[in-house]
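Participant: Given chain Y, put chain B in place with the hints provided.
The listed protein sequences derive, respectively, from chains Y and B. First residue of the first sequence: 1, per the numbering used here; consecutive thereafter. First residue of the second sequence: 1001, per the numbering used here; consecutive thereafter.
Straight-line alpha carbon distances no greater than 25 Å define the calculated SDA-like cross-link-like pairs of lysine to any residue that follow:
no. : chain 1 : residue 1 : chain 2 : residue 2
1   : B       : 1015      : B       : 1005
2   : B       : 1027      : Y       : 110
3   : B       : 1037      : Y       : 21
4   : B       : 1037      : Y       : 30
5   : B       : 1037      : B       : 1006
6   : B       : 1058      : Y       : 35
7   : B       : 1015      : Y       : 9
8   : B       : 1015      : B       : 1042
9   : B       : 1027      : Y       : 82
10  : B       : 1058      : Y       : 113
11  : B       : 1037      : Y       : 133
12  : B       : 1058      : B       : 1041
13  : B       : 1058      : B       : 1034
14  : B       : 1037      : B       : 1023
15  : B       : 1027      : Y       : 4
16  : B       : 1015      : B       : 1043
17  : Y       : 63        : Y       : 38
The set of hints was computed from the structure by calculation and includes no laboratory data.
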Amino acid sequence: MLFPTTTATFTNRFPAFGRPTFRQMPAVNIYAHYGPAFDFGLAYIDTMSDVILLPDSVAQKLKLDLRFAPAHTITVVGGSQVVVQFAEITLELRHPRTPIRWTTEVAFGPTQRWLFGHFGGLEFFHFTLDTVNEELILAPRENLPVAE
Amino acid sequence: MDQIARWTERENRNKARLALLNQYMGKHVAWSLDMTKVLAAADDHLSLHEEAARLGLKGGDYVTEYIDGEGGHIW
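Isolated chain B, as found in the complex:
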């Protein structure tokens, strides 16, 4: 893959993730293992696991992350 193709691929990947991040601000999300799809979302971490279980997902099927809300930071 040449350099331009790599940059284009990265840019597309970043744009796709940014679109998802904007959609889920302030939420806890369950990412697919390749981090490209949001499989479940909830207002808190434990509810996220409950929602994932309700959708038939097992613990190792997804990666959790908190998406900062408007004006929010790590804490």
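The shape of chain Y in the complex, shown without the other chains:
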């Protein structure tokens, strides 16, 4: 599955490297389903993130009840610790040729962006990033727990 990369800006310019103002980021449009409810967002591929991390507001949109969901503390860039809660949902990557759905546990927390991390996400794909050609390739592995 071939996806275009996404242009992301720097909010502060670097004092070096020719002072770039943007770069290409790997990101995919992904559906989050829970029963009949769904949300559709741009998820940034994050190889440093152990999990797939979605904003708390997505859980609200999906009408997920997280009151008794397992909680965990994760450390984010900069060292801050943040509490997240896990729930099982179905994710879907849409591509003109092959839509792919799989059911997995994702974390919900006080993030703004959708992050596509390792467990439940990248662990199920071969992943190639070509920033020069602005392309991202995700090829499903055999261990992808495909959902109907």
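Facilitator: Chain B in isolation, oriented as in the chain Y frame:
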């Protein structure tokens, strides 16, 4: 398409997106499915869905994204 035409197309696409990103810093936006137009914007994710519904958009008609604000980062 030759290489120069491809680079020009990419550069134009990047410039157009950058102009939109600068316009919507700190906002949650609803992109058209080809990611070239902002269909709706709001201060938070749930308000964005309300605004999109108000504009007659259905859930699968748009992709949501948060645009970093001034000095902002992912968290």
